[in-house]
Amino acid sequence: MIFFLVLGSLVILIASIGLLKMPDIYLRMSASTIAATFGVATMLVGVALFFADAGVALHILGLIILLILTVPVGAHTMGRSAYIAGLPMWKKTRHDALKNKYITEIDRFAPAGTKGENDSSEGNSQNKEEDAV
Amino acid sequence: MMIETLIYYFILPVLSLAMLLIFIRVIKGPSLMDRVVALDLLVIVSIALLSAYAVLFDKKVMINIALVLALITFLSTVGFTYYYIKGKREKDDFDIN
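Protein chains in written order, with the working numbering: chain A, 1 to 133; chain B, 1 to 97.
By construction, these hints were calculated from the structure, which means they are not laboratory data. Please note that a few of the clues may not be correct.
As the list claims (entries may be wrong) - Calculated Cβ distances over 10 Å to all of chain A for the following chain B residues: (1) Met1; (2) Phe74; (3) Glu90.
Said to hold, decoys possible - In silico lysine-lysine, DSS-like type, Cα no more than 25 Å apart, as pairs: (4) B:Lys28 - A:Lys92; (5) B:Lys28 - A:Lys21; (6) A:Lys91 - A:Lys101; (7) A:Lys91 - B:Lys28; (8) A:Lys91 - A:Lys21; (9) A:Lys99 - B:Lys88; (10) A:Lys21 - A:Lys101; (11) A:Lys101 - B:Lys88; (12) A:Lys101 - B:Lys86; (13) B:Lys88 - B:Lys28; (14) B:Lys86 - A:Lys99.
As the list claims (entries may be wrong) - Label-pair ranges, simulated between beta-carbon atoms: (15) A:Lys101 - B:Arg35: 34 to 40 Å; (16) B:Ser31 - A:His95: 21 to 27 Å; (17) B:Lys88 - A:Val73: 19 to 25 Å; (18) A:Leu7 - B:Tyr53: 37 to 43 Å; (19) B:Tyr53 - A:Gly62: 15 to 21 Å; (20) A:Gly62 - B:Pro30: 34 to 40 Å; (21) A:Gly55 - B:Ser31: 41 to 47 Å; (22) B:Leu20 - A:His95: 30 to 36 Å; (23) A:Asn100 - B:Ile27: 34 to 40 Å.
By construction, the Cβ of each residue, glycine as well, lies at the ideal position given by its N, Cα and C atoms.
With the sequences and hints as input, model every part of the structure.
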């Protein structure tokens, strides 16, 4: 019980540090979502062991299932809207799996890089030149 | 008695520090989506805080409040992202024309 509560609070602290220190919105979202879901689920298991009651354990089971189902969906919608809005990626990002899947805001306004987003617009501008040729 | 001491002196300060760091990201965040991510994480940390208070005061009702918060944060996140994209598209079209 004490172990679960301490582990969950420490994991939530790690999630908040990751939210503060990561260089990019996508990395921030990844760190915060994964760690926070795991931390809250661990703390709720500790609470269920503290009460030792079937009703409370059922409520907590429903809450954990709800969190595991909804938090990744919320993170997916946030990442998708951030990608469509054309928020800049980290400079050292090597692979962009969604490169031609969406019409982003950078693609809609040529030439690329005019909105001060030089870090992310490099791959998109290359694609645009290939399409023009 | 021991678990109350643990919660007072370890778990509540750790969760408060986490909320403080998230508030720094809310204030600092360069774009609007950073603030949305930070507020989403803030609600999740408040769920953990409610569970800690449920152990501290020996109240089972706090779990129900956490359940309601978990429902509301999903709806608010999805609705906010939907209208963020929609509003951005409409505003940019208006600017072009």
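Checked hints:
For B:Met1, the requirement that its beta carbon stay farther than 10 Å from each beta carbon of chain A is met, with the minimum near 13 Å. For B:Phe74, the condition that its CB be more than 10 Å from all CB atoms of chain A is violated, with the nearest at approximately 4 Å. Listed as a non-interface residue, B:Glu90 keeps its Cβ farther than 10 Å from every Cβ of chain A; the least gap is roughly 12 Å. Taking the CA atoms of B:Lys28 and A:Lys92, the gap is about 22 Å. The hint holds against a cut of 25 Å.
As the CA atoms of B:Lys28 and A:Lys21 are separated by approximately 12 Å, the hinted pair is consistent with the 25 Å bound. Taken as a hint, the A:Lys91 and A:Lys101 pair is honoured in the structure, with Cα atoms around 21 Å apart against an allowance of 25 Å. Annotation: proposed proximity of A:Lys91 to B:Lys28 holds, straight-line Cα distance about 20 Å (limit 25 Å). Straight-line distance between C-alpha atoms of A:Lys91 and A:Lys21 comes to about 15 Å, which keeps the hinted pair within the 25 Å bound.
In summary, the hint linking A:Lys99 to B:Lys88 is supported, as the alpha carbons are separated by about 20 Å, within the 25 Å threshold. About 29 Å separates the Cα atoms of A:Lys21 and A:Lys101, which puts this hinted pair outside 25 Å; it is violated. About 19 Å separates the Cα atoms of A:Lys101 and B:Lys88, which keeps this hinted pair within 25 Å; it holds. Taking the CA atoms of A:Lys101 and B:Lys86, the gap is near 18 Å; set against the 25 Å cutoff, the hint holds.
Restraint check for B:Lys88 and B:Lys28: the C-alpha separation of about 21 Å stays at or below 25 Å, so the hint holds. Only pairs whose Cα atoms come within 25 Å are accepted, and B:Lys86 paired with A:Lys99 is accepted, the gap being roughly 21 Å. Take A:Lys101 and B:Arg35: their Cβ atoms lie about 26 Å apart, and the range 34 to 40 Å is violated. For B:Ser31 and A:His95, the Cβ-Cβ distance of about 22 Å falls inside the hinted range of 21 to 27 Å, so the restraint holds.
B:Lys88 and A:Val73 have their C-beta atoms about 21 Å apart, which keeps the hinted 19 to 25 Å range intact. Hint check: A:Leu7 to B:Tyr53, Cβ distance near 18 Å, so the stated range 37 to 43 Å is violated. A hinted range of 15 to 21 Å holds for the C-beta pair B:Tyr53 and A:Gly62, which are about 19 Å apart. A hinted range of 34 to 40 Å for the beta carbons of A:Gly62 and B:Pro30 is consistent with their spacing of about 37 Å.
Taken as a hint, the range 41 to 47 Å holds for the pair A:Gly55 and B:Ser31, whose Cβ atoms sit roughly 43 Å apart. Between B:Leu20 and A:His95 the beta carbon distance is about 34 Å. The supplied range of 30 to 36 Å therefore holds. Against the hinted window of 34 to 40 Å, the Cβ-Cβ separation of A:Asn100 and B:Ile27 comes to about 36 Å, which satisfies the hint.
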